[in-house]
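Model the full assembly from the supplied sequences, consistent with the hints where possible.
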Amino acid sequence: DGGITQSPKYLFRKEGQNVTLSCEQNLNHDAMYWYRQDPGQGLRLIYYSQIVNDFQKGDIAEGYSVSREKKESFPLTVTSAQKNPTAFYLCASSIVRGGSPIRSGANVLTFGAGSRLTVL
Amino acid sequence: AQSVAQPEDQVNVAEGNPLTVKCTYSVSGNPYLFWYVQYPNRGLQFLLKYITGDNLVKGSYGFEAEFNKSQTSFHLKKPSALVSDSALYFCAVRDLGRDDKIIFGKGTRLHILP
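Going line by line, the protein sequences match chains S and W.
Take the first sequence: its letter number 82 is residue 1036 in the numbering used here, and every next letter is one higher.
Take the second sequence: its letter number 104 is residue 108 in the numbering used here, and every next letter is one higher.
Honestly, the hints are just simulated from the structure, not real lab data.
None of these values were measured; they are calculated from a predicted model.
Virtual Cβ for every residue (Gly too), placed ideally from N, Cα, C.
Treat the hints with caution; some may be incorrect.
Said to hold, decoys possible - A few chain S positions that, by computed beta-carbon distances, are all more than 10 angstroms from chain W:
| id | residue |
| --- | --- |
| 1 | 961 |
| 2 | 965 |
| 3 | 969 |
| 4 | 995 |
| 5 | 998 |
| 6 | 1007 |
| 7 | 1023 |
| 8 | 1034 |
| 9 | 1035 |
| 10 | 1061 |
| 11 | 1063 |
| 12 | 1070 |
To be verified - Short derived list, chain S residues pointing at chain W, Cβ under 7 angstroms:
| id | residue |
| --- | --- |
| 13 | 996 |
| 14 | 1065 |
| 15 | 1074 |
What the hints assert, rightly or not - Under the rule of at most 25 angstroms between Cα atoms (straight-line distance), these lysine to aspartate or glutamate pairs were calculated in the DMTMM-like manner:
| id | chain 1 | residue 1 | chain 2 | residue 2 |
| --- | --- | --- | --- | --- |
| 16 | W | 105 | W | 19 |
| 17 | W | 26 | S | 1013 |
| 18 | W | 105 | S | 1026 |
Written as structure tokens, this is what we have:
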């Protein structure tokens, strides 16, 4: 079955440590996204990528880094510079615009199950 | 800047009654609008989208939403609520006048009371 796999599901980190969250998709989607979810704040965009070897900052990119070396993979590193990293992290992917925007699946995000990061 | 507002943190509805979850948006160009649902400790699932065409959009699980350009709203509706509809609902927008960012509202928790 096609989908998005995030790992690990739960992660604990000590202050001052970097940690990398994995996101892999086998949907052949061009675009991939990282969101952070905090109670009462909804989803906030961290980084997104529309094509391999290219990515853009979202609204809360400070303290995070990403890479997009392969179409299938978009790992997120939470660095020690992120002041409040405890959160639920969601990875998503979508078909990029191109062709009819109303075709089924276009613009729709497919989400992974999430990774919950806790800083001790 | 593009933005999405969900004015209600929580909505309580009795089972069998109609439900409405509100969403308003602000974009510089034409919007693509979406509704997603999230169950506890899970990722989001797509419910429906408005791209163009009919203002009333039908989606999964009997949900529908009405696009109102003059009021910049995209409220989610269902004629008869089920207890299993209890979840967290998110409205999202993609601004065609800008980049490919997809921005989400803060979410509305829907409680269906048996």
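Status of the hints after comparison with the structure:
1. 961: holds, 13 angstroms
2. 965: holds, 14 angstroms
3. 969: Since the minimum Cβ distance to chain W is about 25 angstroms, residue 969 of chain S lies beyond 10 angstroms and the statement holds.
4. 995: violated, 6 angstroms
5. 998: Since the minimum Cβ distance to chain W is about 8 angstroms, residue 998 of chain S lies within 10 angstroms and the statement is violated.
6. 1007: Consistent with the label, residue 1007 of chain S stays out of reach of chain W, its closest Cβ about 16 angstroms off (over 10 angstroms).
7. 1023: Residue 1023 of chain S is indeed farther than 10 angstroms from all Cβ atoms of chain W, at 20 angstroms.
8. 1034: holds, 27 angstroms
9. 1035: With a cut-off of 10 angstroms, residue 1035 of chain S remains clear of chain W, as the shortest Cβ separation is near 23 angstroms.
10. 1061: violated, 5 angstroms
11. 1063: violated, 6 angstroms
12. 1070: violated, 8 angstroms
13. 996: Holds. Min distance 4 angstroms.
14. 1065: holds, 3 angstroms
15. 1074: violated, 20 angstroms
16. W:105 - W:19: violated, 36 angstroms
17. W:26 - S:1013: holds, 24 angstroms
18. W:105 - S:1026: The given pair, whose Cα atoms are some 19 angstroms apart, holds under the 25 angstroms limit.
Of the numbered hints given earlier, the model fails hints 4, 5, 10, 11, 12, 15, 16; all others are met.
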